[in-house]
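Given chain A's structure and the hints, the job is docking chain B onto it.
Protein chains in written order, with the working numbering: chain A, 1 to 111; chain B, 1 to 112.
Some clues are possibly wrong.
Claimed, not checked - Selected chain A positions facing chain B (Cβ under 8 Å, derived; list incomplete): (1) 8; (2) 10; (3) 11; (4) 33; (5) 42; (6) 45; (7) 51; (8) 53; (9) 84; (10) 88; (11) 100; (12) 102.
What the hints assert, rightly or not - Calculated cross-link-like contacts (lysine-lysine; reagent style DSSO-like; alpha-carbon spacing at most 30 Å): (13) B:57 to A:70; (14) A:36 to B:11; (15) A:103 to B:11; (16) A:36 to A:56; (17) B:57 to A:36; (18) A:103 to A:36; (19) A:51 to B:57; (20) A:103 to B:15; (21) A:56 to B:15.
To be verified - The following label-pair restraints were derived from C-beta to C-beta distances: (22) A:50 to B:72: 20 to 28 Å; (23) B:53 to A:15: 44 to 52 Å; (24) B:84 to A:50: 37 to 45 Å; (25) B:110 to A:15: 40 to 48 Å; (26) A:50 to B:30: 12 to 20 Å; (27) A:59 to B:61: 37 to 45 Å; (28) B:17 to A:80: 41 to 49 Å; (29) A:80 to B:3: 32 to 40 Å; (30) A:30 to B:14: 38 to 46 Å; (31) A:52 to B:97: 16 to 24 Å; (32) B:16 to A:80: 43 to 51 Å; (33) A:53 to B:108: 36 to 44 Å.
No lab work stands behind these hints, which were simulated from the structure alone. All of these numbers come straight from a predicted model, not from anything done at the bench. For every residue, glycine included, the Cβ atom is placed at its ideal position computed from N, Cα and C.
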Amino acid sequence: GQQVMQIPQYQHVQEGEDFTTYCNSSTTLSNIQWYKQRPGGHPVFLIQLVKSGEVKKQKRLTFQFGEAKKNSSLHITATQTTDVGTYFCVSSHQAGTALIFGKGTTLSVSS
Amino acid sequence: GAGVSQSPSNKVTEKGKDVELRCDPISGHTALYWYRQSLGQGLEFLIYFQGNSAPDKSGLPSDRFSAERTGGSVSTLTIQRTQQEDSAVYLCASSPPANEQYFGPGTRLTVT
Numbered sequence: 001g002q003q004v005m006q007i008p009q010y011q012h013v014q015e016g017e018d019f020t021t022y023c024n025s026s027t028t029l030s031n032i033q034w035y036k037q038r039p040g041g042h043p044v045f046l047i048q049l050v051k052s053g054e055v056k057k058q059k060r061l062t063f064q065f066g067e068a069k070k071n072s073s074l075h076i077t078a079t080q081t082t083d084v085g086t087y088f089c090v091s092s093h094q095a096g097t098a099l100i101f102g103k104g105t106t107l108s109v110s111s
Numbered sequence: 001g002a003g004v005s006q007s008p009s010n011k012v013t014e015k016g017k018d019v020e021l022r023c024d025p026i027s028g029h030t031a032l033y034w035y036r037q038s039l040g041q042g043l044e045f046l047i048y049f050q051g052n053s054a055p056d057k058s059g060l061p062s063d064r065f066s067a068e069r070t071g072g073s074v075s076t077l078t079i080q081r082t083q084q085e086d087s088a089v090y091l092c093a094s095s096p097p098a099n100e101q102y103f104g105p106g107t108r109l110t111v112t
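The shape of chain A in the complex, shown without the other chains:
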């Protein structure tokens, strides 16, 4: 199936710095979901975006869906060591079809 492209693949930051990961598709997405996978764990759902231009916030995390519904971003303000893990964007190109994971961005944070 088609795959969303996620960048960067790896990111290392100092605690307190901001972090952003981007998810891009060449075709319009029905919706987009974000998941976090801690080292040794399984992916856990963070949020779903459906509307064009939608912005949602969860504490220090800000999620955005592009106006054309072809890209999305996750921004973390003032990272903490608890933010360590791999962040995945997941989407389908048509409602009701399989959700496809991006390759993820692995975030490491040093204190």
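Then chain B, alone, in the frame of chain A:
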């Protein structure tokens, strides 16, 4: 309530043997996914079941892989004639239609 469960949690098998991995989804979830994750890698989509529709098998890497879902609930992923490159964590997830996925803990498969 009970989440997605998978069994076994770990499986070591010899090259060439067949293995069966089981997934018990959350009750009432109509969608079920199988993924494969190699060490340090992303999730590789394998197969998707949605209700009574024909499954989306587009992610299965070879004809050695098959999966079925009985009665719209429990699913079994079967790998025939296992190869060393099949070693990975196999994750199952279930969800209501077009909704968040709930993942099981995975089965770690090691082919020696």
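Quick rundown of the hints versus the structure:
1. 8: violated (13 Å)
2. 10: violated (10 Å)
3. 11: violated (15 Å)
4. 33: Holds: closest Cβ of chain B sits about 6 Å from residue 33 of chain A, inside 8 Å.
5. 42: With Cβ-Cβ at 4 Å, under 8 Å, it holds.
6. 45: At 4 Å from the nearest chain B Cβ, residue 45 of chain A passes the 8 Å test, so the hint holds.
7. 51: Cβ of residue 51 of chain A sits 14 Å from chain B, so the hint is violated.
8. 53: Not OK, violated: residue 53 of chain A not within 8 Å of chain B, min 20 Å.
9. 84: Residue 84 of chain A check fails; min Cβ-Cβ to chain B is 14 Å, beyond 8 Å.
10. 88: Hint holds; residue 88 of chain A Cβ to chain B Cβ min 7 Å, cut 8 Å.
11. 100: Holds, about 6 Å.
12. 102: Given a least distance of 7 Å, the restraint on residue 102 of chain A holds.
13. B:57 to A:70: holds (25 Å)
14. A:36 to B:11: holds (25 Å)
15. A:103 to B:11: Since the Cα atoms of residue 103 of chain A and residue 11 of chain B sit roughly 25 Å apart, the hinted pair holds (cutoff 30 Å).
16. A:36 to A:56: Answer holds: residue 36 of chain A to residue 56 of chain A is near 16 Å, not above 30 Å.
17. B:57 to A:36: Holds, because 25 Å separates the two Cα atoms, which is no more than 30 Å.
18. A:103 to A:36: holds (12 Å)
19. A:51 to B:57: holds (29 Å)
20. A:103 to B:15: holds (28 Å)
21. A:56 to B:15: Outside the cut-off at roughly 48 Å; violated.
22. A:50 to B:72: 20 to 28 Å: Cβ of residue 50 of chain A to Cβ of residue 72 of chain B: about 26 Å, so the range 20 to 28 Å holds.
23. B:53 to A:15: 44 to 52 Å: 47 Å Cβ-Cβ, so the 44 to 52 Å window holds.
24. B:84 to A:50: 37 to 45 Å: Given range 37 to 45 Å: holds, Cβ gap about 42 Å.
25. B:110 to A:15: 40 to 48 Å: violated (36 Å)
26. A:50 to B:30: 12 to 20 Å: This hint holds: roughly 19 Å between Cβ atoms.
27. A:59 to B:61: 37 to 45 Å: holds (39 Å)
28. B:17 to A:80: 41 to 49 Å: holds (45 Å)
29. A:80 to B:3: 32 to 40 Å: violated (26 Å)
30. A:30 to B:14: 38 to 46 Å: holds (43 Å)
31. A:52 to B:97: 16 to 24 Å: holds (21 Å)
32. B:16 to A:80: 43 to 51 Å: holds (47 Å)
33. A:53 to B:108: 36 to 44 Å: Once the Cβ atoms are compared, 41 Å apart, the range 36 to 44 Å for residue 108 of chain B and residue 53 of chain A holds.
Comparing the model with each earlier hint shows violations of hints 1, 2, 3, 7, 8, 9, 21, 25, 29; every other hint is respected.
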